[in-house]
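Residue strings, one per chain:
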Amino acid sequence: MNQKATEPEDTKSVVIRITGDSGDGIQLVGAQTALTSALMGNDFSTFPDYPAEIRAPKGTTNGVSGFQIQIASDHVATPGDEVDVLVAFNPAALVSNLGQLKPQGTVVVDVDAFDARGLRTAKLESNPLEDGSLDDFHLVEAPITSQTRLAVKETGVSHKAATQSRNFFAIGILFWLYSRDPEPTLNYIRGKFDETIAKANEAALRAGWNFGETTEAFPRNFNLPATTVQPGIYRNITGNEALAYGLVTAAHLSGRELFYGAYPITPASSILHKVSQLSDCGARTFQAEDEIAAICAAIGASFGGAMGATGSSGPGIALKTEAIGYAVMLELPLLIINVQRGGPSTGLPTKVEQTDLFQAVMGRNGEAPLPVLAASGPGDCFDTVVEAWRLACKLMTPVMVLSDAYTANGAEPWCIPELSSLEPIDVQHPTSVPGSSPFQPYARNDFLARPWALPGTPGLTHRIGGIEKEDGSGNISYDPINHEKMVHLRAKKVEMAQQLYSSTTVFGESAGELLILSWGGTLGACREAAVKAQKAGRSVSHLHLRHLNPFPVELGNILRSFKTVVAAELNDGQLRQLLRAEFLIDVQGLNKVRGEPFLVRDITKCIEVHLSINNTSHRGAA
Amino acid sequence: MSVLQKPTDFTSDQEIRWCPGCGDFAILAQMKKLLPTLGIPPEDIVFVSGIGCSSRFPYYLETYGIHGIHGRAPALATGLARMRPDLQTWVVTGDGDGLSIGCSHLIHALRRNVNIKILLFNNQIYGLTKGQFSPTSPQGLVTGSTPKGTVHEPLNALSVALAGKATFVARSVDTNAKHLGEVLRRAALHRGSAFVEIYQNCHIYNDGAFDYAKNAKIKANHVVELNHGEPLIFGTEQDLAVGLNGPRLETIKQRGGEWADKPLIHDETNQDSSLAQMIAQMRHPEMPEAIGVFRAIKAPTHNDLMPDQSPTTKERAKRLKKQLTSGQTWTVA
Ligand SMILES: Cc1ncc(C[n+]2csc(CCOP(=O)(O)OP(=O)(O)O)c2C)c(N)n1
Ligand code: SF4
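As they're listed, the protein sequences go chains U and G. Residues in the first sequence are numbered from 932 upward in steps of one, following the working numbering. Residues in the second sequence are numbered from 9 upward in steps of one, following the working numbering.
Warning: the hint list may mix true and false statements.
To be verified - To list a few chain G residues with every Cβ distance to chain U over 10 Å, as calculated:
#	residue
1	Gln147
2	Thr321
3	Arg324
Said to hold, decoys possible - Here are the simulated DSS-like cross-link-like pairs (lysine-lysine), alpha carbons at most 25 Å apart as the crow flies:
#	chain 1	residue 1	chain 2	residue 2
4	U	Lys1466	U	Lys1536
5	U	Lys1466	U	Lys943
6	G	Lys14	G	Lys138
7	G	Lys322	U	Lys1325
8	U	Lys943	U	Lys1536
9	G	Lys330	U	Lys1123
Quick caveat, the hints were computed from the structure, so don't treat them as lab data. For every residue, glycine included, the Cβ atom is placed at its ideal position computed from N, Cα and C.
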């Protein structure tokens, strides 16, 4: 690359959004930008935004695929509210993403795609490059397609292959603009493609870089100094990868093999893919005939002493419902992962929502409580799954783990844990019965958990099932008093989970005007807004919950210490209702059900509104 | 390990809740007779079931047992057998449990050749829910939910099992003690999925459904016993046989001690299941119904085919670490 004319200017963060057709290699541009930034020591957070259809017609708004990334010199927890640089490979991509670009933001378009045909497929009456709709932005008209074709000509690749190298031209522009080291991507290209294609892609990348540097389309370029983070070995991780690694690690920590049963469903399928790649670590996967078979096989595996786990999304969890209640009765450890998507029914398969909280906490027939945990981000998926399995083994109960489409596909740098530093999960299996008394499969320990006696153990043969059992002996019992006792025992046992939680810490003051309460994948946006508000001297604290059932013991007191509590969630107020029911506190809601994550400004706006209401009511009272 | 010898050693202390006279008792008795002869300690045997009268079976045996949810026993057993190949896993299901709500699990367990023995107690009725028709009820059967008789074609359990590529397929009758005992023994010894349909009388809701196959006076004319390598001959006088006429099976009769057409010779090891399908589809009263082993072939089991590995704890830690640090990593000092 040529020597740069002027030194790049330092900046703290940038939000880039790359958009085009599903087939344009958008996700690859995003992934390479993320990886390079990670290697350069920056923090980042990504948001791949796919259409539900695999390959919708080219150039149409239905087929637009996007990838957003925030890269920063400080810690970042969200892919960013507003886009600084939007790259659009075609008119449809431009018009459907322009709303995200901030005023005076930069938009780089492939001007070659804005011909009459391109405008027609995007159903545009006028050309946005000419009709004034980009007046508020800094427009860079880059002839990406034609320049790429020119650049790769010497390599002799086909016309089609030449066109496909366009995404590397875009990488070149972006990498110049934010001083990203091209080496990792060049290495990737050399390792991934055959020689001719690799040469073409490399030429395209260099041409893009040179376009940025030599044309005067961009007034200057930038530098993102490295972040200071905790020492360790890092990698990029998506939420679903972290769930898979967490499952296998939890199995390892508890000294057993993992059985992961699943039926493909967006956005949970990639857990199945990832676990399948870990068979050398003793992980077994089972792509079942349906979700019911997947969970039942996992229950069978747990009965045999393995780590039984299953994962799906809302519609599949609905099918598993009967079996989850069954596992509650059997009192066997089991993990059920729900990567939530937009609902109800098929809903918005690729989009994010937190609308399955009621389903998780209450969605079973009979009194059938179980612990429910939610992961707060990609890396946290790992810790959440490990903790969930710890609870499942300690309490002999199925445990539900919630993630969501946003967390599942989003990536962030992750400090790889040292296996030996993780606390082992202690599991005991009885080997004999004291004296000559018959084995009591439903006897209970201090945590009210029953013994996990494994088939193959002499002297402990017993039968379990979904019919109500007699306390202790586990024999079938229809006795009314016994039934009520068992209902309460199972409930109390699940409550014991509270004693196993680490303490709940509020971010900010432990009492005050306003508490923002969040759970699941919205941690980043809520925390960023809270930090901003606190910096501005506002009395705002933030509490993020991992444990949604049972709630942490201290939660009631925490909520009562704030004048206003707002539960921010991507649903119509499910956590809010649970909190109101449990604590009789008038929790307020910040709710969004659009299949989109929270923006920081959604939370900020809510903070402003609530603080001003509080102020007004002060005055009113005076 | 504690090898037991007597049927009573496999008798659990649970009170049996079937209606007195139910065909399930006869099946249980044969199972209790069989188990001590297998040389497998009771703790290494697991009975898995669904929901229905038949699915109470596991409670009455002193082995490990898991009474499932309706229709899902093959799925439960698939997970168990995958993780615990050291156990002998049996599945007990009914015609409603296995062929209605759980039909797809049944087919897929068979298709995968999971090493489990599936016993389907076919009483052509829903017993536990008090007498509605089942997928195997004959057309016209008057039941609680069909006051004017059922209208649909029944499913043939063995046709379903053969369609699922089961590697062992057999049929027997609850009260045909000797025959049932032998079929169960063959199933127990089969490596892979074994499927056994057992005609079972529900004398409360569908009494006499299988009289033609049970009544000592008439059964010889309505049932043909399959024996590997032997002709399909039946009848009180042993003068009837099943023969192949072009694309279909028909009953042929001996005349003057001679067969006009050749009786079909049974080959249970035939890889091609077409003939077994035809034999399974022989239905009373047009044809005799076949009992015995229809198909018994050797094939790799589910566990044989899956890429399962069981590294030692130490080795696993090493591999897991390698997996965690695979791909691009970077070190922050
Ligand atoms: C999900 C569900 N649906 C319905 C039932 C009610 N139910 C219990 S047993 C049964 C049918 C049993 O028939 P079959 O499998 O033929 O067994 P049998 O009782 O005749 O032995 C039904 C419908 C149930 N327990 N669970
Ligand atoms: S209802 Fe029928 S199948 Fe059920 S126990 Fe009674 S006789 Fe047996």
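Okay, the hints, checked on the actual structure:
1. Gln147: holds (29 Å)
2. Thr321: violated (7 Å)
3. Arg324: The claim is violated: G:Arg324 sits with its nearest Cβ about 5 Å from chain U, within 10 Å.
4. U:Lys1466 / U:Lys1536: holds (15 Å)
5. U:Lys1466 / U:Lys943: holds (17 Å)
6. G:Lys14 / G:Lys138: Roughly 35 Å between the alpha carbons, so the hint for G:Lys14 and G:Lys138 is violated.
7. G:Lys322 / U:Lys1325: Holds, at roughly 24 Å.
8. U:Lys943 / U:Lys1536: holds (23 Å)
9. G:Lys330 / U:Lys1123: It holds: about 21 Å lies between the C-alpha atoms, which stays within 25 Å.
Checked against the numbered hints above, the structure breaks hints 2, 3, 6 and satisfies the rest.
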